[in-house]
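Chemist: So you can see what is in the structure, the chains are spelled out below.
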Amino acid sequence: MKYWVKTIRYSNREYRNPIVVIGFPGIGLVGLQAIRYMAEKLNAEKVAEIYSEYLYLQSASTGIMVGPDGTFTLPKYTIYGYSGTPSMLLVESDTQPVVWAVYKSLDTVFSFLRQFRPKGVIVLTGYSSRGEREVFYVASSNWMLDKLKKLGISSRAKVGSVIMAAGASIVLSKLYGWPCISLTASVKSAVDIEGTRILIETLSKLLGFSIELSDLDEMAKEAERAEMVIKLIAPTTPREGRVDYIL
Amino acid sequence: MKVERHIVGSLIRDVGDELGVFSLEVYRKISPRKATLLQGLPGLGLVGKLAVEMLIEHFSAEPVARLYSEYMFLPDGNVGVGISNGKELSYITIDFYYAATSSGEELILMTAQTQPVNWGQYRTLQKVLDLARSWRVRRVVSLGGFAMDRVGEEREAYVAASSKALLREFTKCGAKVLRGGYVTGACGLIVGLAAISDFESATLLGVTHGKYPDPRGAKAVIDVLDKMYKIDFRTEIVERKIKEVEKTLKLTREMKEIVSRRGEAIQRPEYPYTV
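Chains as they are written, first to last, in the working numbering: chain A, 1 to 247; chain B, 1001 to 1275.
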């Protein structure tokens, strides 16, 4: 049986052998924030939107997200294209696919990406930590390993798994025959702009592009204010213990 | 109202197609020019369903089609078929009615006893939109409830739309703009799907307590539609519905009081179904 999916293509520009950079809503929202920030600051064009019956709202039901202006949208994957150096396709989604169809849902995105013959895939993720700020990587092959080592990025993973759409992206990259790296930033808050910043900094050094980061300062202040409000409304006790996954 | 249904055709013949088991019975062939599809399915305060049911009553609208879907379950969550009056089979389907206002506006009224199950909502509502396209529907509007802790007798209606131009049309008719948040279930999904399928679409939500059937919330929605489509709605329909709900609530309260006064244990009812 097939499943419901709809792709809307906005640009037919050719991106030859791009590097695919992926960020989904996960711990600290670092992956998603990084993709959205880069898409905006690099003036990346929207290449496509992919709608899937497996993208539910965060409340685990189907539906729409209403914006502050009263217009709405369904949850979707968005793919942006950057035609500078290096050529990149930036991939994000509004929500995570439902757990029983993560692979099926992401496969529609990967099969769309296949036409561009990607050079490799970089997945941006976060893990919860109270320690020092840092980024570490895990890799499925030798791709970019020399550069990662030169940049002094740690290869010592602090956790035991990469889960949900980020984890499935690593698996699918392997199945599609594309080398893959996961870059993971330590995260300390629900919307962690500092974690987002170190991911973008690391990625820009790794791939050799420049990007203006000053707007992240204002975003950090806003996130801090929002977090203070949330703490005032719903005080919670942080759960102790080891968090053993990356999202 | 008992309506004789004679099947005159089927636009969707694909029982067991790639997206599931669907079948459509058509009772009357219609050719609207630029109709609006109004969806009212069970949800918060039953606002959407009540609104569409009251519009069907107002127009004495005729059924035009009925969509069967494997994703339509009984209200208790089971797969199957209902039995009414001890003998009649009651199928869980999506029913469509046609109505035209005196000013020439054409409406397709859509309702059902339940919403499609979560995992079949995209597939079922896509079939609905395919059908709507065959009827040359131009606009899709879902009706639903917007739950608030405190509500009075006079209610407001909120709208979110696929475009700012459409939002303005609704606000001119008295709706307030919904600014942020989510519209969940079929009420949100159908307009989201419609928006990426070249329909105009909007969701219109009546303020409700959301605890039990709320005709006052439905009235808030109908008031906006009344102005927009010049329906000239007969308000006695709402008044009667309000009285019916209040009577049922009163009876329920009295029964609870009797049971609690007598200290009787509530006996487990017999299973209302066969397997």
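Careful, some of the hints might be misleading.
Said to hold, decoys possible - List of simulated lysine-lysine pairs, DSS-like, C-alpha gap at most 30 Å: (1) K1164(B) / K6(A); (2) K150(A) / K205(A); (3) K46(A) / K1164(B); (4) K1250(B) / K6(A).
Claimed, not checked - If you want the footprint, here are the derived chain A segments under chain B, 3+ residues with CB under 8 Å: (5) 14-28; (6) 69-83.
Stated by the list, open to error - Label-pair ranges, simulated between beta-carbon atoms: (7) K1250(B) / G160(A): 54 to 64 Å; (8) R1138(B) / I230(A): 40 to 50 Å; (9) S214(A) / L1074(B): 51 to 61 Å; (10) E1057(B) / M219(A): 23 to 33 Å; (11) G1080(B) / P68(A): 39 to 49 Å; (12) N17(A) / S1031(B): 28 to 38 Å; (13) M219(A) / R1168(B): 47 to 57 Å; (14) E1062(B) / Y176(A): 47 to 57 Å; (15) R1179(B) / E134(A): 36 to 46 Å; (16) M1148(B) / S214(A): 21 to 31 Å; (17) S1031(B) / Y3(A): 24 to 34 Å.
Simulated from the structure, these hints should not be mistaken for laboratory data.
Predicted model, so just to flag it, every value in this text is computed and none were measured.
Note that beta-carbon positions come from the ideal geometry of N, C-alpha and C, so glycine has one too.
Chemist: Compare the structure with each hint and give your call.
Modeler: Verification of the hints:
1. K1164(B) / K6(A): holds (24 Å)
2. K150(A) / K205(A): Roughly 10 Å between the alpha carbons, so the hint for K150(A) and K205(A) holds.
3. K46(A) / K1164(B): holds (22 Å)
4. K1250(B) / K6(A): Distance of about 49 Å is beyond 30 Å: violated.
5. 14-28: Contact hint for the region 14-28 of chain A vs chain B: violated, 0 residues under 8 Å.
6. 69-83: holds (count 6)
7. K1250(B) / G160(A): 54 to 64 Å: holds (59 Å)
8. R1138(B) / I230(A): 40 to 50 Å: The hinted range 40 to 50 Å holds for R1138(B) and I230(A), with Cβ atoms some 42 Å apart.
9. S214(A) / L1074(B): 51 to 61 Å: This hint holds: roughly 58 Å between Cβ atoms.
10. E1057(B) / M219(A): 23 to 33 Å: violated (53 Å)
11. G1080(B) / P68(A): 39 to 49 Å: The hinted range 39 to 49 Å holds for G1080(B) and P68(A), with Cβ atoms some 44 Å apart.
12. N17(A) / S1031(B): 28 to 38 Å: violated (52 Å)
13. M219(A) / R1168(B): 47 to 57 Å: Once the Cβ atoms are compared, 32 Å apart, the range 47 to 57 Å for R1168(B) and M219(A) is violated.
14. E1062(B) / Y176(A): 47 to 57 Å: holds (53 Å)
15. R1179(B) / E134(A): 36 to 46 Å: With a Cβ separation near 39 Å, R1179(B) and E134(A) satisfy 36 to 46 Å, so the hint holds.
16. M1148(B) / S214(A): 21 to 31 Å: violated (42 Å)
17. S1031(B) / Y3(A): 24 to 34 Å: holds (33 Å)
The structure does not agree with the numbered hints 4, 5, 10, 12, 13 and 16 stated previously, though it agrees with the rest.
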